[in-house]
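Undergrad: So you can see what is in the structure, the chains are spelled out below.
2 protein chains.
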Amino acid sequence: MKSQELQILALNAFPGGPSAVPPDVAALIERRRRSFGAGSVLFYDEPLRMLRAEGAHLYASDGRAYLDFYNNVPTVGHCHPKVVEAVRRQVGELNIHSRYLFDVAHDYAEKLLATFPAPLSNVVLTCTGSESNDLALRLARKVSGGEGIVVTQTAYHGNTSTVTEVSPSSYKNGAPPPRVRMVPAPDPALFGNDVAQGFADAVKDAIAAMEADGIRFAGLLVDTIFSSDGVYANPPGFLKAAVDVVHAAGGLFIADEVQPGFGRTGEGMWGFSRHGVVPDIVTMGKPMGNGYPIAGLVTRPELLSAFCNDFGYFNTFAGSPVACAAALAVLEALEEDDLIANAARVGRHLTARLKRLQGRAPITAVRGAGLYLGVEFGTQDGPAPQIARGLINGLRQRGILIGAAGRFGNVLKIRPPLCVTTAHADELVDAMEAVLG
Amino acid sequence: MKSQELQILALNAFPGGPSAVPPDVAALIERRRRSFGAGSVLFYDEPLRMLRAEGAHLYASDGRAYLDFYNNVPTVGHCHPKVVEAVRRQVGELNIHSRYLFDVAHDYAEKLLATFPAPLSNVVLTCTGSESNDLALRLARKVSGGEGIVVTQTAYHGNTSTVTEVSPSSYKNGAPPPRVRMVPAPDPALFGNDVAQGFADAVKDAIAAMEADGIRFAGLLVDTIFSSDGVYANPPGFLKAAVDVVHAAGGLFIADEVQPGFGRTGEGMWGFSRHGVVPDIVTMGKPMGNGYPIAGLVTRPELLSAFCNDFGYFNTFAGSPVACAAALAVLEALEEDDLIANAARVGRHLTARLKRLQGRAPITAVRGAGLYLGVEFGTQDGPAPQIARGLINGLRQRGILIGAAGRFGNVLKIRPPLCVTTAHADELVDAMEAVLG
Numbered sequence: 001m002k003s004q005e006l007q008i009l010a011l012n013a014f015p016g017g018p019s020a021v022p023p024d025v026a027a028l029i030e031r032r033r034r035s036f037g038a039g040s041v042l043f044y045d046e047p048l049r050m051l052r053a054e055g056a057h058l059y060a061s062d063g064r065a066y067l068d069f070y071n072n073v074p075t076v077g078h079c080h081p082k083v084v085e086a087v088r089r090q091v092g093e094l095n096i097h098s099r100y101l102f103d104v105a106h107d108y109a110e111k112l113l114a115t116f117p118a119p120l121s122n123v124v125l126t127c128t129g130s131e132s133n134d135l136a137l138r139l140a141r142k143v144s145g146g147e148g149i150v151v152t153q154t155a156y157h158g159n160t161s162t163v164t165e166v167s168p169s170s171y172k173n174g175a176p177p178p179r180v181r182m183v184p185a186p187d188p189a190l191f192g193n194d195v196a197q198g199f200a201d202a203v204k205d206a207i208a209a210m211e212a213d214g215i216r217f218a219g220l221l222v223d224t225i226f227s228s229d230g231v232y233a234n235p236p237g238f239l240k241a242a243v244d245v246v247h248a249a250g251g252l253f254i255a256d257e258v259q260p261g262f263g264r265t266g267e268g269m270w271g272f273s274r275h276g277v278v279p280d281i282v283t284m285g286k287p288m289g290n291g292y293p294i295a296g297l298v299t300r301p302e303l304l305s306a307f308c309n310d311f312g313y314f315n316t317f318a319g320s321p322v323a324c325a326a327a328l329a330v331l332e333a334l335e336e337d338d339l340i341a342n343a344a345r346v347g348r349h350l351t352a353r354l355k356r357l358q359g360r361a362p363i364t365a366v367r368g369a370g371l372y373l374g375v376e377f378g379t380q381d382g383p384a385p386q387i388a389r390g391l392i393n394g395l396r397q398r399g400i401l402i403g404a405a406g407r408f409g410n411v412l413k414i415r416p417p418l419c420v421t422t423a424h425a426d427e428l429v430d431a432m433e434a435v436l437g
Numbered sequence: 001m002k003s004q005e006l007q008i009l010a011l012n013a014f015p016g017g018p019s020a021v022p023p024d025v026a027a028l029i030e031r032r033r034r035s036f037g038a039g040s041v042l043f044y045d046e047p048l049r050m051l052r053a054e055g056a057h058l059y060a061s062d063g064r065a066y067l068d069f070y071n072n073v074p075t076v077g078h079c080h081p082k083v084v085e086a087v088r089r090q091v092g093e094l095n096i097h098s099r100y101l102f103d104v105a106h107d108y109a110e111k112l113l114a115t116f117p118a119p120l121s122n123v124v125l126t127c128t129g130s131e132s133n134d135l136a137l138r139l140a141r142k143v144s145g146g147e148g149i150v151v152t153q154t155a156y157h158g159n160t161s162t163v164t165e166v167s168p169s170s171y172k173n174g175a176p177p178p179r180v181r182m183v184p185a186p187d188p189a190l191f192g193n194d195v196a197q198g199f200a201d202a203v204k205d206a207i208a209a210m211e212a213d214g215i216r217f218a219g220l221l222v223d224t225i226f227s228s229d230g231v232y233a234n235p236p237g238f239l240k241a242a243v244d245v246v247h248a249a250g251g252l253f254i255a256d257e258v259q260p261g262f263g264r265t266g267e268g269m270w271g272f273s274r275h276g277v278v279p280d281i282v283t284m285g286k287p288m289g290n291g292y293p294i295a296g297l298v299t300r301p302e303l304l305s306a307f308c309n310d311f312g313y314f315n316t317f318a319g320s321p322v323a324c325a326a327a328l329a330v331l332e333a334l335e336e337d338d339l340i341a342n343a344a345r346v347g348r349h350l351t352a353r354l355k356r357l358q359g360r361a362p363i364t365a366v367r368g369a370g371l372y373l374g375v376e377f378g379t380q381d382g383p384a385p386q387i388a389r390g391l392i393n394g395l396r397q398r399g400i401l402i403g404a405a406g407r408f409g410n411v412l413k414i415r416p417p418l419c420v421t422t423a424h425a426d427e428l429v430d431a432m433e434a435v436l437g
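Protein sequences, first through last, are from chains W and P. Here my numbering is used: position 193 in the first sequence is 193, and no number is missing along the way. Here my numbering is used: position 355 in the second sequence is 355, and no number is missing along the way.
Since the hints were derived computationally from the structure, they do not count as laboratory data. Since the structure is predicted, the reported quantities are computational estimates derived from the model, not experimental observations. Errors might be hidden in some of the hints.
[Claimed, not checked] Some chain P residues judged to face chain W by a derived CB distance under 8 Å, without partners named: (1) 95; (2) 102; (3) 315.
For glycine and all other residues, C-beta sits at the position ideal for the given N, C-alpha and C.
Let the hints inform the model, and build the full structure from the sequences given.
TA: Here it is, written out as structure tokens:
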């Protein structure tokens, strides 16, 4: 697993050293090295200096426009006028913490909670998906009385101490501790036609193994579109058997919606609903404020109460008027711009074109839902991360931003702002053909 | 400790149940209960619905202005025009993650790092103080090879799983795990005239006790003005002996500057510098973006490298162009408005007036530095949290916002925006006299 993950990190990353970049970019790279040191990771063999962004495009210092098929945070489009206006209005008026009352927090919370099935009626606002998943683990452990968490093999759920433990893809050396158990991603290539049963059995075995080691089971945490594992979305409903196993074992099911949430699958707001399950805890983040830091956790009131009996929880910046105003504008823009339907429509078109490309390129699978797609590359020698890396840098040279994922780093990860059009999708596939050719 | 902390939480908090608030506030309280459930904590017996804020004042739905002596986040003043303008400009132009290059990150990082002593030359940007302290603990544990952390008895350092362990004040039930050891706050009432030696001895004993239990020492983590412990700032330099003990034992010293940092002490940018020490890691947060979520960690490059060899660390929203633009505007406003000198000047005036009040009220100590002051209340029966609670609600009725801290919840915590004037300070003390009278 270690060497695989190194591959994933290396796939998108600027390798350092001499690079054929213009002097302005070289100067920034040097400033970056001095101030940010080893913590700095840049994208691309030739990193980009960005100046502005709008809709589905970023504009770089080389004078070119870059079509964005990488960034899911600016989900309603870079610098969406509605979100920009909401932030501009609120930041000059009131920006305080949530121990005072202010209206916009409630306007937002109610609109957000209305998108969830009834039992999930309480929300905790945080600043980042990492904070949401960290809190979800605290709740699950408190409520279950257990410690053991099951995650997928190449999962990424965030960056705190505790969330890193459940993010195998963050380990360059070492491995998660015994209280974290890994199962394979729900890959049809592994489990065959009955992914549901295969994945449920893997979860059941992982629970049995941890309990045999004296570790009580607390819950299953998965990204409901398994993005860092390589994007596994189908068939819809396959998660239900695993969730039944979790509940039978006394654990909680935590749905991490940081990646698939807010309409990206084109089939409603949340990835879990495609699977016909109701999670005990749902976490969300990235696209929630279109770039303004806001994230959250939704759960049943009694779970939250059980936790709050033992601990105070307060988050200074979370749910501020500006954060809520930005997030409310995102929900409104999703509706007004009809972006969930657009994700479905453009996703279908893109999938069809990618499947046609599959016959003429070393593509072993085209997967996903809506505007979260994975294109897996392989040859007779097995997974082909070098093709993914070549595409990432080749598409950058042709003015398109994209990334990769998966256990072997051989899956092109497609998750653009939801405002992209079928013409943009054509531009992507045309460019892929040119690079692959 | 449990019952003490319950007192602190209860001191500021809305107790729930019937409250003499206007209908608009009552309606919001009910909406809040429904959406946020047990996670919701409001201030005051009669919570406030805020509409707007400017400078040192918040304006509530009751038509009144409230002078702010509570909030340190809007440190250069609520809705400071310079910060508002920076956010408004940047949010419409570019707001992306830090794996692309953009200029403002470097303009900010360099200006920030210039305020630190030379060995501390790398910065990691995060979104919250909690994320900064969580990462600091990961670094300290990785670099030291130990697990054991020493903190003060009523410390608060944030809200992640791992940071809650080192925040004894967050526990309503239970206590920190064995790898976290507590020492008393550096209170002259406990340690006498030689606080430095007393506190250093307490740290030394805590390290010895954990090592006797087979737990290897990793580091000492303190808020350098000990705010949640009740505000202990003097004499300057008292921390040095404890830091020497930490280094002799092979541990790291983590200075949590979330509370005292960014000029609040009136004696330079950072609380640690008053003590003549150079920390191994410095964490910061709250005032950094004047309300825009940004936080950070500053350390030596070799410590960061050691950590990054084993783990990838990436934080999606951290160090975005908007976050850096807001934070850069804060540094500029601190200079242009001469706020560190103002903190010193107003702090001196306020301290003198509080000390005069001390002769005529049940005040057992007036402590602090600059615009972080603590006023401790006690009677012949001991600590008097009921006086602090009476003042908090009494000052709210007189249009002044304030809070409390300390092991017994009997310390009025004074930490206003740094733009308050001596006239505002007079207004506070006059109102305190009226409430106490």
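Undergrad: The structure should be examined with respect to each hint, and the outcome stated for every one.
TA: Verification of the hints:
no.	hint	result
1	95	holds (4 Å)
2	102	holds (5 Å)
3	315	holds (6 Å)
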